[in-house]
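Residue numbers for the sequence shown follow this note's numbering, beginning at 1 and rising by one.
To be clear, the hints were calculated from the coordinates, so they are not data collected in a lab.
Warning: the hint list may mix true and false statements.
As the list claims (entries may be wrong) - Cβ-Cβ distance ranges computed for the label pairs, FRET-style:
{"no.": "1", "residue 1": "Asp255", "residue 2": "Asp108", "range": "36 to 46 Å"}
{"no.": "2", "residue 1": "Glu141", "residue 2": "Arg234", "range": "16 to 26 Å"}
{"no.": "3", "residue 1": "Gly210", "residue 2": "Ala93", "range": "35 to 45 Å"}
For each residue, glycine too, the CB sits at the ideal point set by N, CA and C.
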Amino acid sequence: DLQGVGIGAPSVVEFETGRIVSSVNVPLKDVPLREVLSDLIGVPVFVDNDANATALAEHRAGAAKGAEDALVLTVGTGIGGGLVLRGELYRGAIGFGAELGHTVIDLDGPPCQGNCPNRGCVEALASETALAREATRIAGERPDSGLGAALAAGHPVAGPLVTELAHDGDEAALEALALIGARLGVAISSFVNIFNPQVVVIGGGVIGAGELLLAPVRAEVDARALPPPRDEVRIAGAAFGVEAGMIGAAVLAFDGLAARES
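My request is simple: use the sequences and hints to build the entire structure.
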């Protein structure tokens, strides 16, 4: 029998009430999601930010298992952050903790997405949305590449295609991934300096690129972050890949039900 439901929402969540406060990339604001779904389903519902759910999964049993201090970034349409400090998930005063995708890394960068008023956020420069934009630009500049041929044939130049072509050795696709990885690395360098995590885990759709993305991330962190945090941090791909958020939502429900029984 269904005992409870966990949800990782791409939104700012008031964790204690399960209310969606706001969302950058989806049209949700001030929605009592936990209450609405619990009434519909008839079982307890537990709601958190999707990046927090990913962090729960990776910290409990994935790439951050055993780390007291860990940072998890989800790179998809936007970029979310989940932060574990001293073994506990950090949510902040109103659930807005670790919204790291809205860290500015370029004052003259492109406008951010959704309702974010900033320019040059790492989300605007290194998300899957940004990867598609940069890959399309590079494909246009290099029509003789596999990426250029795909663009000319009318195929959508998005993350999965870029990753596939990069694994096949296409130089244009490799260039696009290296650019996104470098931008992520710039942001992560600051996060390493600020939070001093033992591990930084990168998840979301882009992690299918594996070392083709992680290597330029590490190169930027090595060049920019301060020692000794730089020398101690491990940068890894999410062990659960794109399913990490779903697994974390299940953990959220299990933990919530256990807390009710204790």
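Consistency of the hints with the structure:
{"no.": "1", "hint": "Asp255 x Asp108: 36 to 46 Å", "in the structure": "holds, 43 Å"}
{"no.": "2", "hint": "Glu141 x Arg234: 16 to 26 Å", "in the structure": "violated, 35 Å"}
{"no.": "3", "hint": "Gly210 x Ala93: 35 to 45 Å", "in the structure": "holds, 36 Å"}
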